[in-house]
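Enquirer: Given next are the chains, with one letter for each unit.
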Amino acid sequence: MSSRTLPLLFINLGGEMLYILDQRLRAQNIPADKAKKVMNDIITTMFNKKFLEELFKPQELYSKKALRTVFDRLAHASIMRLNQASMDKLYDLMTMAFKYQVLLCPRPKDILLVSFNHMDAIKDFVKDTPSILGQVDETYQQLIEMYTPMCSGEFQLIRQTLLIFFQDMHIRVSIFLKDKVQNSNGRFVLPISGPVPHGTQVPGLIRMFSCTGEEVNRLKFTNGGNYAAATREGSFEIFGDRVTKLGTNMYSVSRPVETHMSGASKNSAQNAKVNAAPNPLAKEELNLLAKLMGRLEDPNPANTESGFRVNLFATDEEEEEALISRPDELSYGVIKIQATKDLQANAELAKIMGEFTVSGDQSPSASSKGDDLLAMMDGL
Amino acid sequence: MYHKEKSIPIKNSASALYNNLGVLRIAPRRLTYFTVVHANVVNMVSSSWDGLDCSHRQLQSKEPNVATSASLIMQAAFCSLQSRELLVVTSQKGIQMYESDGSIMVYWHALDTPETTTAQAVFARGISAVPENYICVGVSSGSILVFDVPSKGTNISLSEVLDEHKESITDMASECSGSQECIADLVSADDGGNLCVWKSGEEFQLLHKIHGFDMSCSSVKLWKGTVVAGYGTGQIRLYEAVTGILHAEVNAHARWINSLDIAPFSGLLLSAAEDSLVRVWHLNLTPETNSVEIAHLHNECVTDTQICGAKFCDNDGYAFAVTGYDLGEIIRYTQT
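Here the protein sequences come in this chain order: A and B. Heads up, the first sequence is in numbering that gives the first Met the number 0, so the first residue is 0 and it goes up one at a time. Heads up, the second sequence is in numbering that gives the first Met the number 0, so the first residue is 0 and it goes up one at a time.
Simulated from the structure, these hints should not be mistaken for lab results. Among the hints, a few may not be true.
Stated by the list, open to error - Each computed SDA-like pair below joins lysine to any residue, with the alpha-carbon atoms no more than 25 angstroms apart:
1) A:K56 / B:A118
2) B:K223 / A:G212
3) A:K219 / B:H297
4) B:K5 / A:S183
5) B:K3 / A:V188
6) B:K5 / A:H169
7) B:K208 / B:E131
8) B:K3 / A:F220
9) B:K208 / A:T211
10) A:K56 / B:T112
11) A:K33 / A:D21
12) A:K122 / A:I143
13) A:K219 / B:T302
14) B:K208 / A:E214
15) B:K3 / A:F187
16) B:K3 / A:R186
17) B:K208 / A:F208
18) B:K223 / A:M207
19) B:K10 / A:R171
20) A:K98 / A:M149
21) B:K5 / A:G223
22) A:K35 / A:K126
23) B:K223 / B:S82
24) B:K10 / A:P326
25) A:K177 / A:A120
26) A:K33 / A:M86
27) A:K35 / A:F238
28) B:K198 / B:L80
29) A:K49 / B:Q119
30) A:K56 / B:L110
31) A:K98 / B:K10
32) A:K219 / B:C300
Since this is a predicted model, take the numbers as computed values, not measurements.
Based on the provided sequences and hints, a complete structural model is requested.
Expert: Below is the structure:
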């Protein structure tokens, strides 16, 4: 539908991913310098100039499989490793969080404010690193340029496109259940109270006019809810109060996140059939993004001196258990792609990738620390 | 005033689209057809009036003769003309017309899709039958395609393209009162909230243009010369079609309105929005004083659901049906 949806989907999902990883890195007591490197590497990759150029081109949304592949790569853009079960859980949390935000946005245009909340937080993660900060600022500009001129109908089309992407996803997230924003059947609570969106009046008034435009009658009716007038509008500029809390970080070390796999709806099997028809174009075009990211995979897999594993579950046993018991219809079927092979096959891509490097440094004294860290992780 | 009946299950949940429910009453067979769009599929249900029998069919959006990626459907609606009824399905690729039971596709019109994807989305949306023999379909560019439909057979042709709107068409409606006295035959609405009022014929004539206020009008109806328009702000406005005079303004909903419907025999109006509410109103027209009144009658709340389609199931408004995003059923209500 809307060809302008992918940047918003990517940036918001990326933002949620960073919130979750940040929480897990702190919960698992990963040393500050390692944690910072992971966050910086991922953010640098997310905001790489060439990558963003590709992202912002008008295009249809990627399939769920394709987007999951992109995020797989993104999560592995640094020295951190995630097992399949943890990656699955990470992706579940990211997608359910953004689905929640899209649904709860009072106006379609507020999705841009949600995006700015994510951007503001990302900016805060890299505030000490000017090089990355510059990339983030440029992205603000691109977002403002592309989205602020859009009319309400175009934003609604973007929102409708996103909602088709999230259709039938009802994974229960414990932090949402605890806060009572999600029901036990996986559906989000939509309150019929609170402030109305900016630009909307509280329902309940009928005004009737004469042919000359004078108001001749006023009638009131019960709106069945408990609404209040709209609050002030959030800022659509690089700096400013976004007003909405949607898109801000809801995790902290003391609020761990779990998901319940049994939230799958009975329709999901049917849906899987309808949407699983192979798209002959997808494998080719789609992985331009994945390819761009593939370059960042450690070219020397044996070099794990700084690498460590992050677990999205409380214990390794839980993680293993989650992998075994994950229902089939919720598997993401990540597409396996060999980045180097694809690179060789496409000279143009190779040229672009050459320009696409992360200035990662591996401190020479890290080896022994790395070993200790790995040992520590295994013991958790 | 209304109570909930047994729901009708559908094969897929409804997608978040404007006007996402089609209803066709087949009196001779005591059946009602419903259509609900899910991504690239139209779910059709044929339900018997006693509620005991339900049969399902799915129509997929496709482009004949070309193996291509799935194309998303924007809308499916029944078009009742004098001698036949067709089901029209609009998507990103084009316009499909089927026999009303969805059994045979009788016509396909491809949209001009550019080679590489453009910033402006391309799709068809906004469907209306215009008696005696036209079907009008809106396009994302703002154009309206007028198709000439013979009383039977597949010899449907594009008769005219109306280029008045500059923004994407959202919805269209024809005069539904059955009255011969009405001058205006069709109203079209767009993303800027602009409304165009037309007279049908070999060449459609623009009678009036009502300017919007920079807010999308997602659903529109035309009854006894009155335009009823629902907006993204949750407001409903009533205009006199031919003159554009504003008769009434209703702060009706707390969120985007996705669907409006009118029961032509009784003047009941149905409105449904993303705020989970369906509201029933009554329209009262006094031709002598040229006044239009609207009164609120009833609310139904579909808990935790953003409603995307709501339609009366009969011309009196005795029953209505509702669809919601992510909901795998059609909810029905009948008068107590």
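Enquirer: Compare the distance between the alpha carbons of K208 (chain B) and E131 (chain B) with 25 angstroms, and conclude whether the hinted pair is satisfied.
Expert: Satisfied, since the Cα-Cα distance of roughly 23 angstroms is no more than 25 angstroms.
Enquirer: If you draw a straight line from the CA of K98 (chain A) to the CA of M149 (chain A), is it 25 angstroms or shorter?
Expert: 21 angstroms, holds
Enquirer: Verify the proposed pairing of K223 (chain B) with S82 (chain B), using a straight-line Cα cut of 25 angstroms.
Expert: 23 angstroms, holds
Enquirer: Has the given pair, K33 (chain A) with M86 (chain A), been kept, meaning a C-alpha gap of at most 25 angstroms?
Expert: It holds: about 19 angstroms lies between the C-alpha atoms, which stays within 25 angstroms.
Enquirer: Does the alpha-carbon distance linking K98 (chain A) and K10 (chain B) stay inside the 25 angstroms limit?
Expert: At roughly 22 angstroms apart (the allowed maximum being 25 angstroms), K10 (chain B) and K98 (chain A) satisfy the hint.
Enquirer: Quickly compare the C-alpha distance for K35 (chain A) and K126 (chain A) to 25 angstroms and report which way the hint goes.
Expert: 11 angstroms, holds
Enquirer: What's the verdict on K219 (chain A) and H297 (chain B), does the C-alpha distance respect the 25 angstroms limit or exceed it?
Expert: 13 angstroms, holds
Enquirer: Need the status of pair K208 (chain B), E214 (chain A): alpha-carbon distance at most 25 angstroms?
Expert: Holds: K208 (chain B) and E214 (chain A) sit about 23 angstroms apart, inside 25 angstroms.
Enquirer: CA of K33 (chain A) to CA of D21 (chain A), is that 25 angstroms or under?
Expert: 11 angstroms, holds
Enquirer: Are the Cα atoms of K198 (chain B) and L80 (chain B) separated by 25 angstroms or less?
Expert: Judged against 25 angstroms, a Cα distance of about 16 angstroms means the pair holds.
Enquirer: Is the hinted pair K5 (chain B) and G223 (chain A) satisfied, with a Cα-Cα distance of at most 25 angstroms?
Expert: Holds, because 23 angstroms separates the two Cα atoms, which is no more than 25 angstroms.
Enquirer: K56 (chain A) and T112 (chain B): Cα distance at most 25 angstroms?
Expert: Distance ~17 angstroms between K56 (chain A) and T112 (chain B) Cα, so the pair holds.
In summary, the structure agrees with every hint in the numbered list given earlier.
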